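Chemist: Residue numbers (the working numbering), protein chains in the order written: chain A, 1 to 191; chain B, 1001 to 1191.
Derived from the structure by calculation, the hints contain no laboratory data.
Since the model is a prediction, treat every value here as computed from it, not as a measurement.
Beta carbons are placed, not taken as given, at the ideal position from N, Cα and C, and that holds for glycine.
Mixed in with the good hints, there may be bad ones.
[Said to hold, decoys possible] To spell it out: a stretch of chain B is covered by chain A in this simulated footprint if at least three of its residues, at any positions, have a beta carbon under 8 Å from a beta carbon of chain A; those stretches are:
hint, region
1, 1056-1062
2, 1148-1158
3, 1173-1185
[To be verified] Residues of chain B clear of chain A, computed beta-carbon distances all greater than 12 Å:
hint, residue
4, A1026
5, A1075
6, R1098
The residues making up each chain are set out below.
Number of protein chains: 2
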Amino acid sequence: MAQSRTVPASRRRSDAVRNRAQLLEAARRQLADGDDTLALNALARCAGVGIGTAYRHFPNRATLVEGLAADALAAFVTDARSAADDPDPARGLATLLRAGLAGMAGDHVLAEVLRSPHPVCVETIGLSRELGTALGELLDRARAAGAVSPDLGADDLRRLLVGVHTAASAGPHPDAARERYLRVLVAGLAG
Amino acid sequence: MAQSRTVPASRRRSDAVRNRAQLLEAARRQLADGDDTLALNALARCAGVGIGTAYRHFPNRATLVEGLAADALAAFVTDARSAADDPDPARGLATLLRAGLAGMAGDHVLAEVLRSPHPVCVETIGLSRELGTALGELLDRARAAGAVSPDLGADDLRRLLVGVHTAASAGPHPDAARERYLRVLVAGLAG
DNA sequence: ACCTGAACACCGTTCAAGT
DNA sequence: ACCTGAACACCGTTCAAGT
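Produce the complete structure using the sequences and hints provided.
Modeler: This is the structure we're talking about:
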């Protein structure tokens, strides 16, 4: 598989910057209208750009989803850093997990990005790595406090969080379920 | 939403029975070949039946998936019944969860069916209900034994199981992860 | 470096015509 | 009651032609 070779965001031509923004804006409009197909043809039409342009910026669905979720993911990374700095690591962990679940519930694309083990865009890859180190620090402290079993790592935390989100979304009253399942997860992490 | 009005399996014309079987067989071939799109047009072609026939038997993706997963779901219901009869409910619960995870890992369509809160085919609806009662009995006994928190019901168990499956599938070494996350779930259920 | 739109293969879905 | 295949709208993807 060839690495998708995107131009660094800093050296994009001005029309390219504008087109990309219009595509993302159109995609957000569609998502807000309850259409989560994110079809590139319709997106190009809706954004007023050529089909080829849409494909140049977002060669596949994953690229588009990562572009849409970038801000939300960055916010989650920030949350993870604060959690790692919490004097009470167990409290920091629980707060972070709750924030992550709320974020995914409010933003489906964030859930999709967190679910995929291998992001494709360089920006997302970077954020993902930063998330990993923040979660790692948090986990080290939480383990020392006895809040997390020693056989669980940072990536396990990401995966379990996505799992709880899936569980909460797979039935009625997802908000109430989210709280219940969060308690299950927190208790389960301690082993 | 109108109930999808399928003819009861007992009174199907013989050609209908055969066509349905051929469609399911073709779908399994496609899945075995790593093609999980389950496109109805291609399916009809591959099964040697008309497009309209494919749509008559499987008016949407969910119907097809449920048709494909019926046997696996029935097997899981049987497992749930045995688990409910286990003299040690905690052991029965853990065994059942492990079996469910193994089943979903080996059969993607089973995972898809268990993830959806509202099956569409009458057969699946029936199996789903039976699963609910079996899980309910198991949970009652497990709660009495202190293995499950009182605020979790049968449908929570289904959803959490699907969640763990998602978590295990969302990264490397799904088999090893499955065991780790199963321990997290079992510990978490006790609260 | 980037944009455009024609072009092609393919899918989802419907439906009139059949037996 | 069921099957068939044409038909239509639409999508994914590519690519030659442009600036």
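Chemist: Taking the hints in turn, state whether each one holds.
Modeler: Tested hints:
Counting residues of the region 1056-1062 of chain B whose beta-carbon sits less than 8 Å from any beta-carbon of chain A gives 0, not enough to reach three: the coverage restraint is violated. For the region 1148-1158 of chain B, the stated coverage by chain A holds: 6 residues have a C-beta nearer than 8 Å to a C-beta of that chain, and at least 3 were required. Proximity of the region 1173-1185 of chain B to chain A, defined as three or more residues with a beta carbon under 8 Å from a beta carbon of that chain, is established by the 6 residues found. Against chain A, the non-interface label of B:A1026 holds: every CB pair exceeds 12 Å, the least being about 26 Å.
Under the 12 Å C-beta cut-off, the non-interface status given to B:A1075 relative to chain A holds; the minimum distance is some 21 Å. The non-interface label for B:R1098 is consistent with chain A: the shortest C-beta to C-beta separation is roughly 15 Å, beyond 12 Å.
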